[in-house]
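Asks: Residue numbers (this note's numbering), protein chains in the order written: chain A, 1 to 112; chain B, 113 to 222.
Hints may contain errors.
SDA-like mimics (lysine to any residue), calculated; alpha carbons at most 25 angstroms apart, straight line [claimed, not checked]:
(1) B:Lys182 - B:Gly152
(2) B:Lys169 - B:Phe207
(3) B:Lys168 - B:Leu123
(4) B:Lys209 - A:Leu83
(5) B:Lys221 - B:Lys182
(6) B:Lys209 - A:Val111
(7) B:Lys217 - A:Lys52
(8) B:Lys209 - A:Gly40
(9) A:Lys13 - A:Met53
(10) B:Lys169 - A:Pro27
(11) B:Lys209 - A:Leu112
(12) B:Lys171 - B:Lys209
(13) A:Lys52 - A:Gly84
(14) A:Lys57 - A:Asp85
(15) B:Lys209 - A:Thr18
(16) B:Lys209 - A:Ser80
(17) A:Lys52 - A:Tyr96
(18) A:Lys22 - B:Glu150
(19) A:Lys57 - B:Leu157
(20) B:Lys209 - A:Leu11
(21) B:Lys182 - A:Arg97
These are computed hints drawn from the structure, not numbers from a lab.
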Amino acid sequence: AAGVIQSPRHLIKEKRETATLKCYPIPRHDTVYWYQQGPGQDPQFLISFYEKMQSDKGSIPDRFSAQQFSDYHSELNMSSLELGDSALYFCASSLYRSGELFFGEGSRLTVL
Amino acid sequence: TQLLEQSPQFLSIQEGENLTVYCNSSSVFSSLQWYRQEPGEGPVLLVTVVTGGEVKKLKRLTFQFGDARKDSSLHITAAQPGDTGLYLCAGEGNFNKFYFGSGTKLNVKP
Numbered sequence: 001a002a003g004v005i006q007s008p009r010h011l012i013k014e015k016r017e018t019a020t021l022k023c024y025p026i027p028r029h030d031t032v033y034w035y036q037q038g039p040g041q042d043p044q045f046l047i048s049f050y051e052k053m054q055s056d057k058g059s060i061p062d063r064f065s066a067q068q069f070s071d072y073h074s075e076l077n078m079s080s081l082e083l084g085d086s087a088l089y090f091c092a093s094s095l096y097r098s099g100e101l102f103f104g105e106g107s108r109l110t111v112l
Numbered sequence: 113t114q115l116l117e118q119s120p121q122f123l124s125i126q127e128g129e130n131l132t133v134y135c136n137s138s139s140v141f142s143s144l145q146w147y148r149q150e151p152g153e154g155p156v157l158l159v160t161v162v163t164g165g166e167v168k169k170l171k172r173l174t175f176q177f178g179d180a181r182k183d184s185s186l187h188i189t190a191a192q193p194g195d196t197g198l199y200l201c202a203g204e205g206n207f208n209k210f211y212f213g214s215g216t217k218l219n220v221k222p
């Protein structure tokens, strides 16, 4: 069965650079979530989209933005990167009201 | 502050032992999920419980949702090294929002 696809899996950037992460949800899933997970921490919710509209916003910095496109894939854009942005970024998809989240393998961002 | 508190935070046991992980909140959730995460990988959904008092079994894993839908437990019987990982509970609130617990890091020694 198709799972959530994230790219790239690994990304190394310098401070003040920009980065874009991509997420392709499970087919027919209408909701996408972005999470940030630091070492030894639980996933922190950043932002979510339902049917291509932003549905909720968590602890996403103003330097970050995201959107969901007509084919339901989503992109997380991160600018003016800081050392503290180094983390695993997960995308999860869901069918609205199903009560289940399915996570991708994650994108590991390292900011040097 | 964490909406969902998990305990214990760390657990190191011998193969064959039993264990229980707890997930507690003062909030009511429409459903609650348990995930297992291995280092560098995404959390994998183990189970979803929806009804208060519901009990679900997945081989050696038993999940229970509290009667008031505020808490849950995960019991593992005869733990194996392959059970090692980070166990996360997540509660579904209003508007399809999910709240994660702080996680329980389990290490099962052979």
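Asks: Indicate, hint by hint, whether the structure satisfies it.
Replies: Each hint tested on the structure:
1. B:Lys182 - B:Gly152: Outside the cut-off at roughly 30 angstroms; violated.
2. B:Lys169 - B:Phe207: Not OK: B:Lys169 and B:Phe207 at ~28 angstroms, beyond 25 angstroms, violated.
3. B:Lys168 - B:Leu123: holds, 22 angstroms
4. B:Lys209 - A:Leu83: With Cα atoms ~28 angstroms apart, B:Lys209 and A:Leu83 exceed 25 angstroms; violated.
5. B:Lys221 - B:Lys182: violated, 32 angstroms
6. B:Lys209 - A:Val111: violated, 29 angstroms
7. B:Lys217 - A:Lys52: Violated, at roughly 35 angstroms.
8. B:Lys209 - A:Gly40: Holds, because 23 angstroms separates the two Cα atoms, which is no more than 25 angstroms.
9. A:Lys13 - A:Met53: Violated, at about 29 angstroms.
10. B:Lys169 - A:Pro27: violated, 28 angstroms
11. B:Lys209 - A:Leu112: Not OK: B:Lys209 and A:Leu112 at ~33 angstroms, beyond 25 angstroms, violated.
12. B:Lys171 - B:Lys209: violated, 29 angstroms
13. A:Lys52 - A:Gly84: violated, 29 angstroms
14. A:Lys57 - A:Asp85: The hint holds at about 18 angstroms.
15. B:Lys209 - A:Thr18: violated, 28 angstroms
16. B:Lys209 - A:Ser80: Given that 25 angstroms is the threshold and the Cα spacing comes to 28 angstroms, the pair is violated.
17. A:Lys52 - A:Tyr96: holds, 12 angstroms
18. A:Lys22 - B:Glu150: holds, 22 angstroms
19. A:Lys57 - B:Leu157: It holds: about 23 angstroms lies between the C-alpha atoms, which stays within 25 angstroms.
20. B:Lys209 - A:Leu11: Not OK: B:Lys209 and A:Leu11 at ~28 angstroms, beyond 25 angstroms, violated.
21. B:Lys182 - A:Arg97: Measuring from Cα to Cα gives roughly 18 angstroms; hence the hint holds.
The structure is inconsistent with the numbered hints 1, 2, 4, 5, 6, 7, 9, 10, 11, 12, 13, 15, 16, 20, although it conforms to all the rest.
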